[in-house]
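S.K.: Read top to bottom, the protein sequences are chains G and D.
Position 254 of the first sequence, counting from 1, maps to 254 under my numbering, and the rest follow consecutively.
Position 12 of the second sequence, counting from 1, maps to 1012 under my numbering, and the rest follow consecutively.
Hints are computed from structural coordinates only; laboratory data are not their basis.
Where hints are given, some of them may not hold.
Claimed, not checked - No more than 27 Å apart at the CA atoms, straight line, and that leaves these computed lysine-lysine pairs for DSS-like:
1. K290(G) to K216(G)
2. K1023(D) to K46(G)
3. K415(G) to K443(G)
4. K1023(D) to K343(G)
5. K415(G) to K1023(D)
6. K343(G) to K330(G)
7. K1023(D) to K330(G)
8. K46(G) to K290(G)
9. K216(G) to K1023(D)
10. K16(G) to K443(G)
11. K402(G) to K391(G)
12. K246(G) to K1023(D)
13. K402(G) to K330(G)
14. K400(G) to K330(G)
15. K86(G) to K1023(D)
16. K391(G) to K343(G)
Said to hold, decoys possible - Pair by pair, the computed Cβ-Cβ distance ranges are:
17. E1058(D) to M313(G): 37 to 45 Å
18. R1031(D) to N414(G): 17 to 25 Å
19. R1028(D) to N414(G): 21 to 29 Å
20. P80(G) to E1058(D): 44 to 52 Å
21. R1031(D) to N211(G): 24 to 32 Å
22. P157(G) to S1029(D): 53 to 61 Å
23. H293(G) to E1058(D): 51 to 59 Å
C-beta: ideal position from N, C-alpha, C; glycine also.
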Amino acid sequence: MAAPGGDMQWCFSQVKGAIDDDVAEADIISTVEFNHTGELLATGDKGGRVVIFQQEIENKSLPQFRSEYNVYSTFQSHEPEFDYLKSLEIEEKINKIRWLPQKNAAQFLLSTNDKTIKLWKISERDKRPDGYNLKEDDGRCKDPNSITSLRVPVLIPMDLMVEASPRRVFANAHTYHINSVSVNSDHETYLSADDLRINLWHLEITDRSFNIVDIKPANMEELTEVITAAEFHPHQCNTFVYSSSKGIIRLCDMRESALCDRHTKLFEEPEDPSNRSFFSEIISSISDVKFSHSGRYMMTRDYLSVKIWDLNMENRPVETYQVHEYLRSKLCSLYENDCIFDKFECCWNGNDSVVMTGSYNNFFRMFDRSQRRDVMLEASRENSKPMQVLKPRKVCAGGKRKKDEISVDSLDFNKKILHTAWHPQDNIIAVATTNNLYIFQDKIN
Amino acid sequence: MSFATAMEVNVEARRILAVSISKLYASRSQRGGLRLHRSLLLSMVMRSARDIYHSSRESELASGEQPAAEEPMDTNCDPKEKARLAPEPADSSADMAPEVPDKDESDCDVAEDKENHSPTKQSRKRRGKASAAPDFLPSKRARLEPGEERYAAPPGSCRAGLGDSLSALSLNQVIPAF
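So here's chain G without its partners, still in its complex pose (with noise of 0.2 Å):
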């Protein structure tokens, strides 16, 4: 994989999507997920549908366009739904997607919304059987006294098919919100996580799974804490972690006991007394947390900040990087706003140098660990010629502002991105903004 040595540039390559200003809700993006191989790229959106892209595998002799990624397959996943019990409509917006590793020739994803969980098939059919005995090729039945010879149907090519199927369906074990879904190493078993709870599924059984993890207080008046996200470590199929709204990270072992209620590490930073105020458990709250693809670190993401903790040391990250300090003035207007709800994600390149995360008015942060450098980029229809290089963006906090710097007031809120991911090989990143996914890669000298 291209080490990101000297000043890496980031070029434009694709942006899909409508053009138009009006977004429909549907449309929003609310995940976005390499497969491991980085050949598909799945998104889900607030009307409940998957798109899959695909890497054309093409243009080897000419290396620095990179192979473009194109619709694969659209599929609607989940629906609204309406709990007559409670008297509440289940939004169908899809809140995760996480790929199986492949196995077969098919691919495999699971999605879910705020309650139940899907694992799809996509499979390519590019043949079709020619040359039935008792069928026409319409379909209809062949008169049986017509038929004077038999003869074996062939395979003949046709347009290639890709073709969505839901093969399992995991409902009714939430009665929170789900905020995650991640496979274990075993390639056999998941976990779901939703405020209060979570619980281990095995990927052929659906009606019935483990809770492994369940906070709910006897008494709700006593809530203080909720999980915010959960994950499997990437190797050590016994080890999850789990966020919480409290800046908290607890690790998890399966072997210690049934109920992982006694976490076997907690991860936390003791807070800075200097920069307490009405909104400090708001911006504490973690949004995101990413393992490593080394299984040595993983990153964490707050409001304000991205912090990487070793695993190994549980009192403080080793690395805390700020995203967009100039807000920290901000925050009572981001509270009524609404905005300091925003639940950012963050990941890791392939090689565990970079991290990224996104930030407002269409901007996006990179923090290359080992050069001890960050970049600041915008996503936008206007730097989107192709294979055009991105500019730096900076944002001026205060006083004299420069030139080509935008000041704090000028920030578009309403243009925030929450999704973010990175080729798992190579220098490909993928960033949403509300309805329009960006694909940049790395400019190749």
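Fit chain D to the given chain G structure using the hints.
M.R.: What follows is chain D alone, placed relative to chain G:
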């Protein structure tokens, strides 16, 4: 804390409380049901604001100053006094709206205690402003849950001691038992 600063903090805290309450009400009609995480964070902000409001009020009164004329919080009590906590059997709906009757009573506490504290003054209600509820608060009365009744708060209920009034109330009741 200087009086001016305490005043600013006081006003800020009350503003945040009001914003939080309107968010809490708005979340009742959100598609997909009430979000537990969001409700919890809102209640935490409200608790911080309440604590800061309380301590800034204490420092105002400790410094011997009369609290400056504020918006008549007591009139805000009326629509919210009627607001009900969702019934809380353990098996009830997971997503009933959390409501904050205790917080409402605290506003009444403070307002009515202000009146008690300065008996020589007439009621500090400003009739002109009082008749118009602030526009950030819902104008409708809260929907009753099945089996509930409306009733006015008994007259004696707000007469808590000043020091106890805010600390006694529990913002934990924002998150109902499920």
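S.K.: Does each hint fit the structure? Answer for all of them.
M.R.: Consistency of the hints with the structure:
1. K290(G) to K216(G): Answer holds: K290(G) to K216(G) is near 24 Å, not above 27 Å.
2. K1023(D) to K46(G): holds, 22 Å
3. K415(G) to K443(G): holds, 26 Å
4. K1023(D) to K343(G): holds, 18 Å
5. K415(G) to K1023(D): holds, 22 Å
6. K343(G) to K330(G): OK: K343(G) and K330(G) at ~17 Å, within 27 Å.
7. K1023(D) to K330(G): holds, 18 Å
8. K46(G) to K290(G): With Cα atoms ~23 Å apart, K46(G) and K290(G) stay inside 27 Å; holds.
9. K216(G) to K1023(D): holds, 24 Å
10. K16(G) to K443(G): holds, 20 Å
11. K402(G) to K391(G): This hinted pair holds, its Cα atoms lying about 15 Å apart.
12. K246(G) to K1023(D): Holds, because 21 Å separates the two Cα atoms, which is no more than 27 Å.
13. K402(G) to K330(G): Roughly 21 Å between the alpha carbons, so the hint for K402(G) and K330(G) holds.
14. K400(G) to K330(G): Holds, at about 18 Å.
15. K86(G) to K1023(D): Judged against 27 Å, a Cα distance of about 22 Å means the pair holds.
16. K391(G) to K343(G): Judged against 27 Å, a Cα distance of about 26 Å means the pair holds.
17. E1058(D) to M313(G): 37 to 45 Å: Roughly 41 Å apart at Cβ, these two residues keep to the hinted range, so it holds.
18. R1031(D) to N414(G): 17 to 25 Å: holds, 19 Å
19. R1028(D) to N414(G): 21 to 29 Å: holds, 24 Å
20. P80(G) to E1058(D): 44 to 52 Å: For P80(G) and E1058(D) the Cβ distance comes to about 50 Å; the hint holds.
21. R1031(D) to N211(G): 24 to 32 Å: holds, 27 Å
22. P157(G) to S1029(D): 53 to 61 Å: holds, 54 Å
23. H293(G) to E1058(D): 51 to 59 Å: holds, 53 Å
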